[in-house]
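Student: These are the residues of each chain, in order.
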Amino acid sequence: MNIKIKVNGQLRSVEVEHNTTLLQVIRKDLNITSPKSGCEKGECGACTVLLDGKPITSCLVLAFTVDGSEITTLEGITPKDGLNPIQKGLINAGGIQCGFCTPGFIMSGHNFFSKKEDFTIDELKRALSGNLCRCTGYKKIVDGMLLAAKEMGIKVKK
Amino acid sequence: MKKENIKSVGRSVKRIDAEEKARGTSLYVDDIKFPGMLYAGVFRSPIASGTIIKLDITKAKKVKGIVTILTYKDIPGKNLVPVVFNDQPLLVEKEIRYVGEPICLIAGESKEIIKKAISLIELTVKERKPVLSIKESLKSKKAVNPEYKDNILQYYPIERGKVDKIFKKAHLIIENEYETNYQEHAYLETQGMVALEEMNGIMTLYGSMQCPFYVQEGVATVLGTDYSKVSVKLMTTGGAFGGKEDVPSIIGEIAALLSKKTKRPIKFTLSREEDIETMSKRHPSYTKYRSAFDKDGKLVGVDIDYYLDGGAYSTLSPIVLWRGVIHAIGPYDCGNVRINGYAMATNKVPSGAYRGFGTPQIIFAAETQMDIAAEKLGLDPVKIREKNCFKKGSITSTGQVLKESIGILDTIKKGKKSFNYSERKKNTEKFNKKHKNLKRGVGVASLFYGVGLGARGGPLQKGSALVSLFKDGSVQFSVGTTEMGQGMYTVLSQITAESFGISFEKVHATRISTEKVSDSGPTVASRATFISGNAIKVAVKRLKKNLTEFMFKEKIINSMKNIEFKNNNVYKNGKKLMSFTELAMKAWLGRVKMIEASWYLPPETTYDIKDGQGDAYVTYSYVTNFVEVEIDLRTYRTQVIDLFSSEEFGNVINPQLAEGQIEGGNVQGIGYALFENTVLSKGKILTNSFSTYTIPTILDVGELHPVIVEKKFKEGPFGAKGMGEMPLMGIAPTIGNAIYNAIGTRLYKVPFTPVEVYEEIKDR
Ligand code: FES
Ligand code: FES
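As they're listed, the protein sequences go chains A and B.
Sequential numbering from 1 applies to the first sequence in the numbering used here.
Sequential numbering from 1001 applies to the second sequence in the numbering used here.
Bound-form chain A, shown alone (with noise of 0.2 angstroms):
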């Protein structure tokens, strides 16, 4: 069947099986790879994008039910020019290692900061915590986000 989503600001049409998962046609029919495939199970969060705004694993989520959808990905996010406060701050915090959880980290990150005037490391922790790192042990990846919540003058509270 045919669906039509909106990704990344762009009408897309995709062909697709009843059994096709967003994440497939995001990389292979779009070719759109910041997205990784660590699981496809919905437990490892690398293909984290946000649907309508929220964000949910890729994998997990059948193509056909989102006909009609706005998806972004990282490429979404990412200005084209420079970068956004939150790759900035996983850069100088050295919160990338291997790379792969990354995308995924950004968007859960993005997505737990729009909108928001203050909140604890604890919520931050809470809101990236179904995003799986095997290489950073976590704590510059915290960092980076807290480098980028103050370039964006959002406030941590104790």
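The hints are simulated quantities; they were obtained by calculation from the structure and are not laboratory data.
Each hint should be verified, as a subset may be incorrect.
Unchecked claim - Cross-link-like lysine to aspartate or glutamate pairs, in silico, EDC-like; alpha carbons within 16 angstroms at most: (1) B:Lys1135 x B:Asp1150; (2) A:Lys28 x B:Asp1030; (3) B:Lys1033 x A:Asp29; (4) B:Lys1169 x B:Glu1274; (5) B:Lys1403 x B:Asp1333; (6) B:Lys1233 x B:Asp1030; (7) A:Lys28 x B:Glu1112; (8) B:Lys1054 x B:Glu1122; (9) A:Lys88 x B:Glu1274; (10) A:Lys125 x B:Glu1703; (11) A:Lys88 x B:Asp1700; (12) B:Lys1544 x B:Glu1564; (13) B:Lys1288 x B:Asp1305; (14) A:Lys125 x B:Asp1700; (15) A:Lys41 x B:Glu1273; (16) A:Lys28 x B:Asp1031; (17) B:Lys1061 x B:Asp1074; (18) A:Lys28 x B:Glu1109; (19) A:Lys41 x B:Glu1703; (20) B:Lys1014 x A:Asp143; (21) B:Lys1111 x A:Asp29; (22) B:Lys1094 x B:Glu1127; (23) B:Lys1111 x A:Glu17; (24) B:Lys1115 x B:Glu1274; (25) A:Lys88 x B:Glu1020; (26) B:Lys1711 x B:Asp1410.
Position chain B with the ligands relative to chain A; hints supplied.
Tutor: This is chain B with the ligands only, laid out in the frame that chain A set:
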């Protein structure tokens, strides 16, 4: 006026690949496509042990979109995965030795089509009773692999001093048995490789791996072709941790065989389930550990039987076991040592390399013993380690005299101070008095680690580099070790820049490929900085010599003495001659050789296989961990509160990257100690996903505090040793000792899951 000195080494420069990774544009294997590309799949054994009676692929072949199905008969070269002993076939011929062993290879238009074909392959087998544990393997009369006379894949002894005598008169003897389970690498990117015949018939592989040269050998072996007709190129690699040392050869062989047969590009990537079920993992272990102490708390004798569960084939077990044996007594000088180490065959997926390489298992035993001894002797656990640890002139269990860069005592002292040990201990006691169900405790453990492959590394102990200077004064390099996320490209760029005295930004690392440099062995054993860093230094030295000779020939200088390359300039007797860029352009015009391929061999190591004596490794790095944990007596769950990992690994090239290694390794160690529990049934791994094999999330890790101690190592590039593995290695005993401190229950089995803790408490 004093100019600022340009320095690259010792600074936390940003990773050269950070920006592309932050943008999500780095290409991993699964991100690439070639025209006409097919996918690959494997039909695997459903049983652990048996004989194939009949294999029928006719129905599967007829599935629309299936292009080819291969069995062992279709392998043009040898049916072999070359590692150490060469006992593992790529595809089962008749005898099945583990669940998941590959039987047929399938190429098709999509993964779904391949799945369908796999379900239509018919296999008839005669099952045998499998050997499923170390204990069964020791008892079993029949060898798992008939090529061996028994189930001992490898045996190593160490015999030193008078063990029996010392145990007779020792003040205190401690004797215990320890067990550890598997550990899964859980790299976020599963194994994968793309193979295609490129220009001039060269079979080319793009993949995720730690040793392109192993893959090259494997592919040439199964294709029956020249090594020089196989090229292996590194993609951005999504974590490895030892899990991509030898097994990528299997992935590469499969992709290359199917590509050769179909004449089309093949992509072969594993699903998470297939990856967990069929790829290598940390060896389960069983240890009998006896320690003898004198009345002052000095370790005077050790007697150890150490067993590893190697799985169905020997793969890397011989080397993993060796490292375990060498590190079995910990960083302590003890004159009387007997160690018997065995790697046992079982009907399970072959175990292999994993960060620490046979040492986390035995360090768990050794450092638990040390803690027990401290208590029995009425000594503080930190004191007993201070008393026994290596000092200058100490002798290891292999008889190696330690001469230089011995930081163990410093790691204890600095760690203790940062952790605020005495104060913290008092605070936990106060806390425990106040709380009925929550108990806190502190724990400590020390360890050492032989850097590089050491004496059993044989012909692999070498490294090569290719360094080119361009006429604009910029530099490009390549080496034979790989980047898998640890930051090697960045650290080696720093070393290259520092060696030339030019800005870090002027140096660029290129993709690792078998086409650029010669076989440099695997990227393991925390060796990349040391081996490739030194190889680069050799190449840069030659390039600087070429430039200096040119200046002399051109009469720019009247002698070749006192030439310095620094601050992006060239100096003679401290006076600036010209900028490095100017010199590069002049040299290019003057047809100077601007490319050097280099070769580095580490200092000799020795080892006598009969008694285990010799200078096993070039040098050692050191760690002492301190942890505070909290146990909830309602759930038996342990939570790390603060972990201080105090580490000495020579001089530091990039502090931020080093911290990243410490923190990441620490968390894998926390996972190993507390969560990661593989469960099997009849040799089949049931915990094949992240919901059943749980690795730490951001909520499980507590506060991490890396503590770095620097101690220059002269032979190292800019004083560096190596450090990638140590942060993981000693976490389990550190946490185990802390749990004992909290609740008075000793744990002898890793992981310390709530069930395990409960079992031990209830048996008390
Ligand atoms: S790939 Fe979707 S959560 Fe892992
Ligand atoms: S950086 Fe490798 S998984 Fe997070």
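Student: When the hints from earlier in the document are held up against this structure, which numbers fail?
Tutor: 4, 9, 11 and 19
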